[in-house]
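Colleague: What follows is each chain in one-letter form.
Protein chains: 6
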Amino acid sequence: MTAGQPLRTEPAAQSPRVNHSTPPAALQADIVPSYPPPESDGDESWVWSQIKAEARRDADAEPALASFLYATVLSHPSLDRSLAFHLANKLWSSTLLPTLLYDLFVATLAAHPSVRAAAAADLVAARSRDPACAGFAHCLLNYKGFLAVQAHRIAHVLWAQSRRALALALQSRVAEVFAVDIHPAATVGKGILLDHATGVVIGETAVVGNNVSILHHVTLGGTGKAVGDRHPKLGDGVLIGAGATILGNVRIGAGAKVGAGSVVLIDVPPRSTAVGNPARLIGGKKGEDVMPGESMDHTSFIQQWSDYII
Amino acid sequence: MTAGQPLRTEPAAQSPRVNHSTPPAALQADIVPSYPPPESDGDESWVWSQIKAEARRDADAEPALASFLYATVLSHPSLDRSLAFHLANKLWSSTLLPTLLYDLFVATLAAHPSVRAAAAADLVAARSRDPACAGFAHCLLNYKGFLAVQAHRIAHVLWAQSRRALALALQSRVAEVFAVDIHPAATVGKGILLDHATGVVIGETAVVGNNVSILHHVTLGGTGKAVGDRHPKLGDGVLIGAGATILGNVRIGAGAKVGAGSVVLIDVPPRSTAVGNPARLIGGKKGEDVMPGESMDHTSFIQQWSDYII
Amino acid sequence: MTAGQPLRTEPAAQSPRVNHSTPPAALQADIVPSYPPPESDGDESWVWSQIKAEARRDADAEPALASFLYATVLSHPSLDRSLAFHLANKLWSSTLLPTLLYDLFVATLAAHPSVRAAAAADLVAARSRDPACAGFAHCLLNYKGFLAVQAHRIAHVLWAQSRRALALALQSRVAEVFAVDIHPAATVGKGILLDHATGVVIGETAVVGNNVSILHHVTLGGTGKAVGDRHPKLGDGVLIGAGATILGNVRIGAGAKVGAGSVVLIDVPPRSTAVGNPARLIGGKKGEDVMPGESMDHTSFIQQWSDYII
Amino acid sequence: MTAGQPLRTEPAAQSPRVNHSTPPAALQADIVPSYPPPESDGDESWVWSQIKAEARRDADAEPALASFLYATVLSHPSLDRSLAFHLANKLWSSTLLPTLLYDLFVATLAAHPSVRAAAAADLVAARSRDPACAGFAHCLLNYKGFLAVQAHRIAHVLWAQSRRALALALQSRVAEVFAVDIHPAATVGKGILLDHATGVVIGETAVVGNNVSILHHVTLGGTGKAVGDRHPKLGDGVLIGAGATILGNVRIGAGAKVGAGSVVLIDVPPRSTAVGNPARLIGGKKGEDVMPGESMDHTSFIQQWSDYII
Amino acid sequence: MTAGQPLRTEPAAQSPRVNHSTPPAALQADIVPSYPPPESDGDESWVWSQIKAEARRDADAEPALASFLYATVLSHPSLDRSLAFHLANKLWSSTLLPTLLYDLFVATLAAHPSVRAAAAADLVAARSRDPACAGFAHCLLNYKGFLAVQAHRIAHVLWAQSRRALALALQSRVAEVFAVDIHPAATVGKGILLDHATGVVIGETAVVGNNVSILHHVTLGGTGKAVGDRHPKLGDGVLIGAGATILGNVRIGAGAKVGAGSVVLIDVPPRSTAVGNPARLIGGKKGEDVMPGESMDHTSFIQQWSDYII
Amino acid sequence: MTAGQPLRTEPAAQSPRVNHSTPPAALQADIVPSYPPPESDGDESWVWSQIKAEARRDADAEPALASFLYATVLSHPSLDRSLAFHLANKLWSSTLLPTLLYDLFVATLAAHPSVRAAAAADLVAARSRDPACAGFAHCLLNYKGFLAVQAHRIAHVLWAQSRRALALALQSRVAEVFAVDIHPAATVGKGILLDHATGVVIGETAVVGNNVSILHHVTLGGTGKAVGDRHPKLGDGVLIGAGATILGNVRIGAGAKVGAGSVVLIDVPPRSTAVGNPARLIGGKKGEDVMPGESMDHTSFIQQWSDYII
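Residue numbers (my numbering), protein chains in the order written: chain A, 30 to 339; chain B, 30 to 339; chain C, 30 to 339; chain D, 30 to 339; chain E, 30 to 339; chain F, 30 to 339.
Derived from the structure by calculation, the hints contain no laboratory data.
One or more hints might be untrue.
Which copy? The list can't say, so a pair holds if one copy fits it or any two copies do.
Straight-line alpha carbon distances no greater than 25 Å define the calculated SDA-like cross-link-like pairs of lysine to any residue that follow [to be verified]:
(1) 81 with 309
(2) 81 with 193
(3) 81 with 311
(4) 81 with 153
(5) 81 with 157
The structure presented is a predicted model; accordingly, all values stated were derived computationally and were not measured.
Given only the sequences and the hints, what does the whole structure look like? Please build it.
Modeller: Below, the structure written as structure tokens:
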């Protein structure tokens, strides 16, 4: 896993406070995540074949873990079945039986290919960005941030279907089991990495773009100045450091980053960086080569600074 | 749920650092919470009838959740029975059986009407302050902050009865299951909202007044300069933003607020606001109309700024 | 338990930013923890006899807890058996059976006396540093920070044996159950106190010396500027306040302390203090009598400021 | 425990087949069990004090069992609480939670002193009739026949309250867990010993008098010749050997016995014995001294032949 | 439930011992069960609608059972889903997770309409033959004989698919949980009533026709004189009384009955009755009106004597 | 599995009732089982290697069962570890934790090689006598009779160590989970097959020789004519048919057999057969070649008639 975010930057002399009433046009576009993303069933299959291979290798090497690996991975025909099984066995309680949850997860994943594709994308994200990630299977089985996001996506589908009581019950179990609290109404893109994940809180009207990395203890909350649409909007390729608190309907532009421990109440332009409590902007590179126009660039961009690693 | 706390205030020009050796007399009074509060059995019944109605509506609309709703709400004759059942099924472990916990919770709630009344008041608080709260039943069943506070109140009763080992075991289970760590000796008022709640830590000699709202990751800790009475005292109607750390036997006056991510080591006068790391005071309104003298005003006061919402 | 860290210091006028390219020679030595420590079987036995006595007293006084105390403590012949049982019953899941974990823990503790000795040293540390600690048994049974560290030590042994998949699975369960995320490769000394512990994250190449106290929400993470050896190194006797974030391969010298909520990206010399976001150094005492050369002094040094207590 | 029933009797020369249309007047009376019996609270208390003493002795001698004994016996204030706890922890399932069952059992036992008294009488019966019974606690904790009968009595109360679905669900759990199938409508006296108990089946309109001993695999069933009142009626002090099958609305007179493996389709007069497949009567002693007119005699009479023992 | 079988017949004077080498031609035909039966999806739907109505009525009348009824019946869209859920929650163990079993049961029932239809037929059989049956839902939820037969049918499908290890594991769980031991290779018809069911054993090459009723403790076993096809063959409409033991590759003709406690080692012709140990034939009605040629008649025939009831 | 026992014998004309006061000298010797048997560690290893091979084959062929097979067999280093794990996961309850049982079983099996050897001998017995036995692993994992006997042997060791409360608690769990009730004081030889096993009851002073096969529903009980030594003694190589009831301190000579459903109250000489209710002797072969003097012959003798098979 990874933690923190680079802050050893030179102080940004100009550190411009963004004018909230007139956000830059460019920002407007880049915060709209292209979710649900077009599915790439091939990727899903490929990731699944990798997971099986890793699990088989580990089961052979470690008899004590073989039962776990067969139960969670090797006995399943597909990633979504494995995921449904694993999540159900994590999130059940005395009053929410595993069979009920499994049924719900299987049905939702079967009906929503984009949710399955996003799961695969998240696995690829973790694998490529986090040097401590020992493999796809490691992430699928052990990353509570990954699991929390998948459960959120299912809750999000339920919310959209007006099955709100069930969506909220699922949110609650995720908050208890993984200590990650994402409102079912929040929109979350694909290629997401919640690293370590403990204590992450994401509010009802928050939007998280694609290829975003969020460390633990991060809050995307409300400020109290507004009702309705009141939570942060994160563009694609954003990186939020550990313990950062972002409050209000502010926009964190594509490719921006927020330093660990920062308290952000203002918009952060694309490709710029905000640090401190309260946060100030410390510049950022605005060149054409840095401002990626395609999701693929976003990913490579993330990888560029994702050598911040645990 | 809600998150964060308003920080878009103008810088408080005077920002007075309170003199610790001579706290204002007014502060002395307002930090003494009127706990246990006079019971209003009518409110308890009314809240319970609302919960039943909500649960019945949800059970009808969502068959997959009906079993859960009948088990936790609809099969019970009263709020305290429902709460005892739900808490026991959350907090049991292999070595602390649900029947043991249920027995303990039922007996404690039956013997202490003020604990029951405080639970009802907490539900009203969540319902009225948190726009993301979908109803009383939603809070009762899904808010881990609510459940952690109720379990704390039971542990507090046990502590007062010198059943300390049991109180500490209960604290430990709450810390594991809800990631909320409240020492059983701490005094907590009624009308409390622990929003999101993950990571909240409240020390042994802390006092929390009535109608207080505390966001996640908040610490009411010690400074190490003292033993004995060494933790913060929060007056009525206080609001503490996400991630704030308040250390030492300091007084946060009635109606004061502390910004998200602040580190507070000083007294905060009533109706004033402290922000930053380290925190500084940024003013507050002192008018008669703003300084409420009754608990009812405190509640409305909270509601005034509780438009900080997730 | 304890929380926070003293920050009421005078601003350190000189606040020297340490030159990273030439760390002081003294620092080099004191960050190498003398782990695994020489075992003192006598201490282990003595602590165990204390635990039994406390558990017996509590079982007599509190029948409702007697079953729990017999199951976890009084039916076991030794501390390591009790610990293996308790941990297995905490960390099992539907897919990792308690018998499997118990077997693993018993075998590992039996084969590694230094792990057992470190557990005893941790209990002594909690008992002596934390005024809220009601006894050794209280810590053994109820402190999730203590339990998380013990599970980490077992995972660390597995990691060293190249049983990495199992070590990572164990890390994952600890992260879920205790909300403490310690990479199995991290090196952790003895006499460790993780107080409250929720949200603690310790990265793969981090080193934690002996007699270190770390409060909740603390991150020892990476900055992204480096791969390989990229996490903090804490010397003996270090104290890290609640919510502090320390990023990168920086050295926190022996006897140094980091204030609550600080974000530390620089080395902190021995016996000095760093506070703020970003953190600055605010001095420290360099006298012979303050700079302890033996672990015993380190402990007393910790105790000096560990009157920061919940 | 005990098993079987004496069959080494001399062949009964006359072996009279009872005339079903004109049962003897004496029989009519003695098959009416005096249930519910007058309570003897003193006995209940005395038995409970014995159980506590035995459990304490065993807990001291056997640490591995101490947790179990504290949980089931030593932490409870009374026999009915202990029984409710123990039964709930035996009979719960994924869909019938232990807290629900415990609540039901506690309430029923509290409201029905005769059910509590009958439990105490059953314990005395097992203790006095079964040489393999190691004590009251042994029977309370380990005899599935005893536990099945207590659960039946609770189901019987529910049935009488027209809570039939719940009574049948309880019957079903008892049939699964203890392999004892007693219809909730069946009437069962006190001082009952179901020895070994596996496979016992007792039909809806069956009546079992006081001080009856029934071995395993015994059926009190219907013949198919009748609907309505169609099952056997056992007088006080009856003994039924292992594997005996008694079918139809036949009367087994007070103090009668039925041999192991017998198939009984006819009335059996008081104090007589029936053996074989199909069963024939093999006499019995009719003297005044043998035909007891009081329940106390019935008990001693049972004890007379209850030297049939495992 | 029902128990036993009528034995108050006049002794059959001729009691002919059937010649094993030349079984009657008529017998040959009628022992071939017409399984799998043609599906009547209408019946399945109708039974399911009845079950839902009963469960709804009971849930309304009995809040304590409502959660159970919603979980097992009212939250499911069809009988097979409800059955899969209920069986999985009965048969899981620490090492066979409920999600795995549920998955297996759902898939098998979905792929095999005849297994679903047979379940519906069994429910109708219990409802119509057993006066103690309080309704279809009562049987579905509470009759362990019904549940054991459904699990057997699934195991039988697995066996036929050469998934023998899984089929045997399922048999084993059924034998433990319901005390009913049916070899997965045994062929069992539809419209089956296993009343009370405890202790029923059915061997590998046994065949049970349609509309058969078998009481508890019945064995369809081998004699040791043969390998290969070595177990009893029961024709349609057969009734076997409690505790009867039928050994060897004998044929129990259509509409025959075997008395309770009988030991049968010989063929029993259609419509005749065998009783005793060893069993002898006691006649039977051979008229055209009695020898039914259609399954419907078989059912009515069963009902004729099925007034043997608990 | 197998069931029943051959009864198609010619009626024994003389059917001699054995004189109880003067049992034949030969009988005296052959009822003394040579238990504990000399260990053959080689056999144990060989059986274990077979089990591993079978489990590996099944895990490869059946992914759904692989997790189960790894957990119970393939992750363990030896038969006794596998058995301890499997038994603990079968016999645990809410109040007897699996870790406690596992600990107890591992320790007992480690300390008593004869118990381990007897387990291996039982597996060989099932494999060789029961044509329905699909392999050693099938028996180890799925035969509740096998598991009940192993648990009994452990309880027997505890009884001999005067740990009677624990032994009786274990007996009770076995009686509930497997419906097999063996008093811990009973002496049971090796090479035992309890086929199907439901309902088997074996009394306190019973002795079961080596290479004995007992079908389900068999009782070795007391008659009530005696206290003290009051239960049956079974010689080596005895076969008891399904549902047989043997009562009193009678001797069933080596190589004798008892028919299904028989009720035996008399001694049965070696190599003879008893059938019926009440049982009569129906001869037997007395030739030198038939009366085996070595255990190996006993085994082959058993195999001779063990072609009685389910």
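Colleague: Work down the list of hints and note, for each, if the structure agrees.
Modeller: Hint check:
1. 81 with 309: For residue 81 and residue 309, neither the intra-copy (46 Å) nor the inter-copy (49 Å) Cα distance is at most 25 Å.
2. 81 with 193: Close across copies (17 Å), not inside one copy (35 Å); limit 25 Å.
3. 81 with 311: neither (44 Å within a copy, 53 Å between copies)
4. 81 with 153: within (15 Å within a copy, 37 Å between copies)
5. 81 with 157: within (18 Å within a copy, 39 Å between copies)
The structure fails to meet hints 1, 3 from the earlier list, while all remaining hints are met.
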